[in-house]
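Undergrad: Guided by the hints, dock chains B and C onto chain A, whose structure is given.
Here are the chains, one letter per residue:
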Amino acid sequence: MLEYLESLPLVDHHCHGVLGRDLDRTEFEESLTEAETSGPPGVSMFDTQVGFALRRWCPPVLDLDPHAEPGEYLARRAELGAAEVNRRFLAAAGLDALYVDTGYSPEAILDPPELGRLAGAPAHEIVRLEAIAEGVAADGVEAARFADEVRARLDDRIDAGGAAGAKSIAAYRAGLELAGERPPDAEAARAAGRLMRAAEESGTAPRVCDEVLHRFLVWCAVDAGLPVQFHVGYGDADADLRRGDPLLLTGLLRAMDPVPAMLLHNYPFHRHAGYLAQVLPNVYVDAGLATNGLGHRSPALIAELLELAPFGKVLYSSDAYGLAELYHLGALLFRRGLAGFLAGGVEDGAWTAADAERVAGLVASGNARRVYGR
Amino acid sequence: MLEYLESLPLVDHHCHGVLGRDLDRTEFEESLTEAETSGPPGVSMFDTQVGFALRRWCPPVLDLDPHAEPGEYLARRAELGAAEVNRRFLAAAGLDALYVDTGYSPEAILDPPELGRLAGAPAHEIVRLEAIAEGVAADGVEAARFADEVRARLDDRIDAGGAAGAKSIAAYRAGLELAGERPPDAEAARAAGRLMRAAEESGTAPRVCDEVLHRFLVWCAVDAGLPVQFHVGYGDADADLRRGDPLLLTGLLRAMDPVPAMLLHNYPFHRHAGYLAQVLPNVYVDAGLATNGLGHRSPALIAELLELAPFGKVLYSSDAYGLAELYHLGALLFRRGLAGFLAGGVEDGAWTAADAERVAGLVASGNARRVYGR
Amino acid sequence: MLEYLESLPLVDHHCHGVLGRDLDRTEFEESLTEAETSGPPGVSMFDTQVGFALRRWCPPVLDLDPHAEPGEYLARRAELGAAEVNRRFLAAAGLDALYVDTGYSPEAILDPPELGRLAGAPAHEIVRLEAIAEGVAADGVEAARFADEVRARLDDRIDAGGAAGAKSIAAYRAGLELAGERPPDAEAARAAGRLMRAAEESGTAPRVCDEVLHRFLVWCAVDAGLPVQFHVGYGDADADLRRGDPLLLTGLLRAMDPVPAMLLHNYPFHRHAGYLAQVLPNVYVDAGLATNGLGHRSPALIAELLELAPFGKVLYSSDAYGLAELYHLGALLFRRGLAGFLAGGVEDGAWTAADAERVAGLVASGNARRVYGR
Numbered sequence: 017m018l019e020y021l022e023s024l025p026l027v028d029h030h031c032h033g034v035l036g037r038d039l040d041r042t043e044f045e046e047s048l049t050e051a052e053t054s055g056p057p058g059v060s061m062f063d064t065q066v067g068f069a070l071r072r073w074c075p076p077v078l079d080l081d082p083h084a085e086p087g088e089y090l091a092r093r094a095e096l097g098a099a100e101v102n103r104r105f106l107a108a109a110g111l112d113a114l115y116v117d118t119g120y121s122p123e124a125i126l127d128p129p130e131l132g133r134l135a136g137a138p139a140h141e142i143v144r145l146e147a148i149a150e151g152v153a154a155d156g157v158e159a160a161r162f163a164d165e166v167r168a169r170l171d172d173r174i175d176a177g178g179a180a181g182a183k184s185i186a187a188y189r190a191g192l193e194l195a196g197e198r199p200p201d202a203e204a205a206r207a208a209g210r211l212m213r214a215a216e217e218s219g220t221a222p223r224v225c226d227e228v229l230h231r232f233l234v235w236c237a238v239d240a241g242l243p244v245q246f247h248v249g250y251g252d253a254d255a256d257l258r259r260g261d262p263l264l265l266t267g268l269l270r271a272m273d274p275v276p277a278m279l280l281h282n283y284p285f286h287r288h289a290g291y292l293a294q295v296l297p298n299v300y301v302d303a304g305l306a307t308n309g310l311g312h313r314s315p316a317l318i319a320e321l322l323e324l325a326p327f328g329k330v331l332y333s334s335d336a337y338g339l340a341e342l343y344h345l346g347a348l349l350f351r352r353g354l355a356g357f358l359a360g361g362v363e364d365g366a367w368t369a370a371d372a373e374r375v376a377g378l379v380a381s382g383n384a385r386r387v388y389g390r
Numbered sequence: 017m018l019e020y021l022e023s024l025p026l027v028d029h030h031c032h033g034v035l036g037r038d039l040d041r042t043e044f045e046e047s048l049t050e051a052e053t054s055g056p057p058g059v060s061m062f063d064t065q066v067g068f069a070l071r072r073w074c075p076p077v078l079d080l081d082p083h084a085e086p087g088e089y090l091a092r093r094a095e096l097g098a099a100e101v102n103r104r105f106l107a108a109a110g111l112d113a114l115y116v117d118t119g120y121s122p123e124a125i126l127d128p129p130e131l132g133r134l135a136g137a138p139a140h141e142i143v144r145l146e147a148i149a150e151g152v153a154a155d156g157v158e159a160a161r162f163a164d165e166v167r168a169r170l171d172d173r174i175d176a177g178g179a180a181g182a183k184s185i186a187a188y189r190a191g192l193e194l195a196g197e198r199p200p201d202a203e204a205a206r207a208a209g210r211l212m213r214a215a216e217e218s219g220t221a222p223r224v225c226d227e228v229l230h231r232f233l234v235w236c237a238v239d240a241g242l243p244v245q246f247h248v249g250y251g252d253a254d255a256d257l258r259r260g261d262p263l264l265l266t267g268l269l270r271a272m273d274p275v276p277a278m279l280l281h282n283y284p285f286h287r288h289a290g291y292l293a294q295v296l297p298n299v300y301v302d303a304g305l306a307t308n309g310l311g312h313r314s315p316a317l318i319a320e321l322l323e324l325a326p327f328g329k330v331l332y333s334s335d336a337y338g339l340a341e342l343y344h345l346g347a348l349l350f351r352r353g354l355a356g357f358l359a360g361g362v363e364d365g366a367w368t369a370a371d372a373e374r375v376a377g378l379v380a381s382g383n384a385r386r387v388y389g390r
Numbered sequence: 017m018l019e020y021l022e023s024l025p026l027v028d029h030h031c032h033g034v035l036g037r038d039l040d041r042t043e044f045e046e047s048l049t050e051a052e053t054s055g056p057p058g059v060s061m062f063d064t065q066v067g068f069a070l071r072r073w074c075p076p077v078l079d080l081d082p083h084a085e086p087g088e089y090l091a092r093r094a095e096l097g098a099a100e101v102n103r104r105f106l107a108a109a110g111l112d113a114l115y116v117d118t119g120y121s122p123e124a125i126l127d128p129p130e131l132g133r134l135a136g137a138p139a140h141e142i143v144r145l146e147a148i149a150e151g152v153a154a155d156g157v158e159a160a161r162f163a164d165e166v167r168a169r170l171d172d173r174i175d176a177g178g179a180a181g182a183k184s185i186a187a188y189r190a191g192l193e194l195a196g197e198r199p200p201d202a203e204a205a206r207a208a209g210r211l212m213r214a215a216e217e218s219g220t221a222p223r224v225c226d227e228v229l230h231r232f233l234v235w236c237a238v239d240a241g242l243p244v245q246f247h248v249g250y251g252d253a254d255a256d257l258r259r260g261d262p263l264l265l266t267g268l269l270r271a272m273d274p275v276p277a278m279l280l281h282n283y284p285f286h287r288h289a290g291y292l293a294q295v296l297p298n299v300y301v302d303a304g305l306a307t308n309g310l311g312h313r314s315p316a317l318i319a320e321l322l323e324l325a326p327f328g329k330v331l332y333s334s335d336a337y338g339l340a341e342l343y344h345l346g347a348l349l350f351r352r353g354l355a356g357f358l359a360g361g362v363e364d365g366a367w368t369a370a371d372a373e374r375v376a377g378l379v380a381s382g383n384a385r386r387v388y389g390r
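Residue numbers (our numbering), protein chains in the order written: chain A, 17 to 390; chain B, 17 to 390; chain C, 17 to 390.
Chain A extracted, bound-state conformation (with noise of 0.2 Å):
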């Protein structure tokens, strides 16, 4: 029962590219947690749940024992190199298709279509909504057809087959409360005035951090009928995790129906998505990256989000970025997690086998195919 469940293809519905090159230790450390570094002196990144996870699972795929050292398990992965390891974690994933979002990319890292060759299986691509309208202000479109632009815009990645989905990352900028009305054209006219402005003035890259411009692009994305991920909770330094909080988000949540919002991340938020995603037909949950970072500890953030949310309306995702390990990883824990959360209900009477099988099939793939319809 626990292997045929463990055994199931996953749909990834939010994960990112890995890096290319060789890494050093300071590098691995800093890309394993969700720190800005790899710690203060006398603290080590691998002395953390993600760290032993990742020391326990991820050797044997480069032929090594479990639990190996730091230094061991580094030095074995320069040796095979970056292209091969990618290769295989990518593999070992067992993953049906992967849902990329390419919005962030501060260096080199492999597109959606090498990672859907490693992994063996289809890679679409979500568009990050904020990344368009960036890339409308830097090009210098006047205030006035900014709106226009950014809609033209998303509408030919759409046509491109470029957008399977849509990503706003407002709660790592403006925050999460944002208001449920859509904004007219106008208001996103003066509002995008402001954020050219303000880049020609600090002589930066335009950087959208307010609330009417992410209200304005997830409305693009609603009216043109993509499923619309929102970051939320559990992410990087930079981000104010009190604004992310998903209840936050409820009055655009519910005027956004019946378009899908899918409620990334969520920890240690995750039972007010559960809610969200009971009470709310259009919302859908994850429990990306946390599942990652809680490693051993996973299968109680699996069950807490299993509490409340309809099975119907849960996905998996990895949230990887940087490392392939985390693709192995994440798809790893979240089988052993959600097996194991449904083969003790079938011991403990709660439900039988059948059931468990469904769900299982719901959760690993069914309802990604559902919400994403491809």
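Since the hints were derived computationally from the structure, they do not count as laboratory data. Treat the hints with care, as some may be off.
Simulated restraints on C-beta separations [stated by the list, open to error]:
hint, chain 1, residue 1, chain 2, residue 2, range
1, B, Arg37, C, Glu43, 54 to 64 Å
2, B, Gly87, A, Gly87, 54 to 64 Å
3, B, Arg92, A, Gly360, 20 to 30 Å
4, A, Pro76, C, Gly360, 51 to 61 Å
5, A, Pro82, C, Asp254, 46 to 56 Å
Here the structure is a predicted model, which is why all the values come from computation and not from measurement. C-beta: ideal position from N, C-alpha, C; glycine also.
TA: Coordinates of chains B and C only, in the frame set by chain A:
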């Protein structure tokens, strides 16, 4: 030990009427969770913790095997008819007393005497404060007489034996951020004037959604010496869950001491509620509604609620509404969860069997009897 | 394995004095939890997680059987007398070092040297920042000299060897929403002026409750290079728990890097604290006070704290105050909880026994030694 603990009669200190008519599948799914609808295409509300718990525990009461499929279950339910179904589930709940909130009736539901007859236990009434105020406003009482009239009607209900406690639904309306001060009658009069003008202008029934009025109503109940129940946390989608955190109510809870304040439901803020139950002498808590909602996971909720809450401050409620199943299921899950919690502690040597039995008696009925005084 | 882990000496990096006199039952119950009183009629503070944990683990130290009844326990306690009781429990705690917050003394309590003598371990002092400021204000120093005088007194304490760290109780007063910026001396002077005028007008001792002053004090400690402890979350009833969420402090924590910030207690916001410990290099966390408060449930708290917090960022504290039992009980529950957590991971193959022992050493004492530098 477990059997003994599971056999205890319960006082259900917060529940509602059940529907006296038969339900089709869509209606049944709508009543099962706090969602407004039965879910978008492809999503069944049976595929939830409460749905699986219902399929596990309720079919045998209707002479079916555990885990009956939804279709089979609903067919048998229809065959027996609502009257028989209600009779069986209310009797199966094993209740010692009921405290019925009569304030919410979008359609005809069984009243307290009918519920008590089916349950074979006395059914007391809990008066919904906002309903009294809305009744006064609807009757066109002039604003200056509003405060006196509310107090008079509340007194009448108490004198008639129809008010074992009062209930505030501020969390569903203006939110729980209520000040501690008792509003002067003149301030209540002005708020009542606004309420009546708004109703008149919109041509709809008066609807209390005003910090001053919610607070005024709580003080009316406090002055009458009635325990005041507060809706907290988990509830249906028209509430803004952010405004349902019991910590928002700290000032008023402190001010109304020594009149008991009963924090209902509390999920996902149950740890906040447990803290308040420890540090404020007049605060009591339950895990109603969420015990049903979390199904197989409800033991985790009960254990978290009991982290800080003194065992003399915790009560049982089902918050059953509409479906008679929820009376039985709530009681069963709570009994099993509490019994497992207490028996686990005995097994680990954390407390003695005698203490476990004593605590079980407090939570099952003793605390409720002491607070409500009947 | 479990035995080895449970045998580790602990550094208790945040604790207080204990009472040197005998206590009656009401006083004892009042000291057991964070409630202001021993509970309303019918409610005993012994019927709590901490009460049952105390009855389980403390009677044997006083030559009684586990689970002694409260009356029997208190009689034996009185028979032995406070001096002997304090000696036994401090010795039983198995401490390597203590860091004693000396800022709160509504009545005579044992000072750090006495505590250290009883514990058989060095006892360092943690200076309460608000107490220094209140002392300066009470001495009638003119506002313009306030900032210099606070710094001078802090330096004197450091030079005299009486300040291994500083402590802020902003969470109990103005709340944790402190800005990141260092306030200029002139701004601190104006705030000090307000503080002194308010004390003069009310005829009471000065009481710091001002965002500017709390922040100024933290920066004084930062400039002196002292690790700063922050009261966070769970505490007694005169705090507003809403204002004790560590996420409110994010900006200041970031600004004070690389000086260590020690987030104390954290319950029920311990997952928020664990997140901050991961993403901000200078943030450390503990589960003091709540480990005692949750008793048999404390392993759940420890596991949740260790979800995101790097194991090199977690410390032990009892937050014992008043009752010497809390020194012993806190240490025992933490050792058992941490040992169970680590041994469980070994059993599941999540990490090796060698890693478990290494992590145990970090959390038990290594992290504290590294941060406090002694």
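Undergrad: Does the Cβ distance between Arg92/B and Gly360/A fall inside 20 to 30 Å?
TA: For Arg92/B and Gly360/A the Cβ distance comes to about 29 Å; the hint holds.
Undergrad: If I claimed the Cβ atoms of Arg37/B and Glu43/C lie 54 to 64 Å apart, would that claim hold in this structure?
TA: Hint holds: Cβ distance 59 Å, inside 54 to 64 Å.
Undergrad: Note whether the CB distance of Pro82/A and Asp254/C lies within 46 to 56 Å or breaks it.
TA: Holds: the Cβ-Cβ distance is about 51 Å, inside 46 to 56 Å.
Undergrad: Taking 51 to 61 Å as the hint, is the beta-carbon distance of Pro76/A and Gly360/C inside that range?
TA: Given about 22 Å between the Cβ atoms, the range is violated.
Undergrad: Range first: 54 to 64 Å. Now tell me if the beta carbons of Gly87/B and Gly87/A are that far apart.
TA: holds (59 Å)
In terms of the numbered hints stated before, the structure departs from hint 4 and from no other.
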